[in-house]
Each structure stands twice: as C-alpha cells, then as structure tokens.
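In case you want the letters, here they are:
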Amino acid sequence: MITTTKGDMDESLLEKREGTIDNDNETTTWVEYWLEGELVHRSAHVQLKRAVVSFGETAEF
Amino acid sequence: MANTQCMTNSFKVDLFNAVHAFNATGIPAHTLATADVFKAALYTAASSLGTTTTSYTSATTEVSGTNYVAGGVTVTFGTAPSNTTTTAFLTPSASITYTNVTLSTSFDAMLLYNNTNSGKNAVAVFTFTAQTVTAGTFSLTMPTNDATTGLLRIA
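Taken in order, these protein sequences are the chains called D and X.
Numbers 1 to 61, taken from this note's numbering, label the letters of the first sequence in order.
Numbers 1 to 155, taken from this note's numbering, label the letters of the second sequence in order.
Read the hints as simulated data drawn from the structure, not as lab findings.
Note that the structure is a prediction, hence the values are computed from the model and not measured.
Do not take every clue at face value.
For lysine-lysine, the following PhoX-like pairs were computed, each having C-alpha atoms within a straight-line distance of at most 25 Å [as the list claims (entries may be wrong)]:
hint, chain 1, residue 1, chain 2, residue 2
1, D, Lys6, D, Lys16
2, D, Lys49, X, Lys39
3, X, Lys120, X, Lys39
4, X, Lys12, X, Lys120
5, D, Lys49, X, Lys12
6, X, Lys39, X, Lys12
Computed spacing ranges between beta-carbons, pair by pair [stated by the list, open to error]:
hint, chain 1, residue 1, chain 2, residue 2, range
7, X, Ser64, D, Glu38, 17 to 27 Å
8, D, Glu57, X, Gly50, 17 to 27 Å
9, D, Trp34, X, Thr99, 13 to 23 Å
10, X, Thr57, D, Ala59, 13 to 23 Å
11, D, Asn25, X, Thr116, 35 to 45 Å
Beta carbons: idealized from backbone N, C-alpha and C, even for Gly.
Make a model of the complete structure from these sequences and hints.
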C-alpha cells in the first residue's frame with residue numbers, strides 16, 4: 001500500500017516514477033506515484049556526502 | 001622529542017561538548033549536566049541560510065505543510081564526539097526523517113540548531129538539490145561517523 005493524497009492505495013493502481021541525483025554533495029533518490037496524471041505521492045531520500053569542517057589553528061608569537 | 005605548536009586533539013572534541021568557557025559573555029543560561037536537544041528544520045529554496053545564520057529564530061522561510069511541525073524534528077546524537085588523530089568528529093546516530101508530510105514549496109536546506117539553548121543557536125547548514133514531498137517521507141541519511149566523512153568535523 002502506498003500513502004497518497006487520496007489515502008492508502010494499492011501500488012498496482014499507480015504509475016511509478018523514480019530518479020536519482022548523484023553529485024559531489026549528495027546521492028538523492030526519489031519516487032513518485034501518479035494516478036491518472038495527478039501526482040499523489042512523492043518521497044525523497046538524501047544521503048549527504050559533504051560534511052561541514054572547521055579548521056582549528058594556533059597563531060605564532 | 002620536540003614540542004609542537006598546535007590546537008590539541010582533545011580540545012577539538014571538548015568543543016563539541018562545551019567543556020570550555022573562555023569568557024562569561026555569551027555563555028548560555030542552561031545546565032550542562034545533560035546533553036542539549038538539537039533539531040533539524042527545513043528551509044525553502046528561496047531562503048538565504050549560510051555562515052551568517054546565527055539561530056533558528058533568525059532564519060526565515062522555513063517550509064510549511066501537512067504534518068510538518070515548525071522547528072523541524074529532533075536529531076539523535078547517540079554517539080559521543082570522538083577523534084582520530086587530528087580531526088574531531090560528530091554525526092547524528094540516526095537518519096533525520098520527516099514522515100508523511102506534504103511540502104509543496106521546494107526546499108533545499110536543513111538548519112541544525114540547538115533547541116535547548118534559549119537563543120536556539122545555529123550549528124550548521126546543509127544543502128541539497130531542491131525537493132518537494134507529496135504525502136510522503138523526506139529523509140536525510142547520515143554519512144559514516146569518522147574523521148573523513150563525519151557530518152561535523154573540527155580538523
């Protein structure tokens with residue numbers, strides 16, 4: 001069953017579209033379910049690749 | 001042996017744990033007996049979050065939509081800050097997940113902030129390709145918690 005804007009629906013009744021975005025910053029996958037040309041479900045999952053880094057330094061006298 | 005000028009590795013870990021307070025100005029008025037609660041809020045692609053973002057309350061254009069609670073969700077830090085050689089690192093121990101939400105306005109940023117601190121001070125901003133969610137789930141999966149890929153690192 002898929003959660004949709006019209007309530008839970010059997011996946012077999014829906015058109016499924018999927019995609020992936022892969023770059024230096026992230027790997028993102030998304031899935032959409034369409035019903036008669038209407039988007040009724042979209043989920044996205046992001047795997048972050050790039051962290052935030054702070055560099056600590058000491059000064060010379 | 002020779003002496004080496006440096007910032008010690010232990011100090012970098014201590015920064016994550018608020019061990020040091022060099023000056024009374026700016027010390028938050030809360031006990032450090034327990035860990036603070038951190039949250040993750042999502043922001044629209046029209047936002048301007050960045051290095052000058054100081055707090056959750058100062059950030060505007062947070063997303064809104066069905067089942068999304070303003071302020072975002074709690075982030076779990078189940079693993080203590082650590083260090084490998086010269087880099088201290090810290091990563092949430094679980095994915096950050098917004099379940100069964102509808103967010104129609106595209107969003108491309110997450111603000112990690114301290115929800116215990118009265119100022120709701122900002123920690124970091126993470127960006128990604130703009131997304132929308134329709135009656136679905138949005139999740140941010142964490143990288144491996146180490147000195148190379150840990151989400152927050154002090155090198």
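Which of the listed hints are broken here?
10, 11
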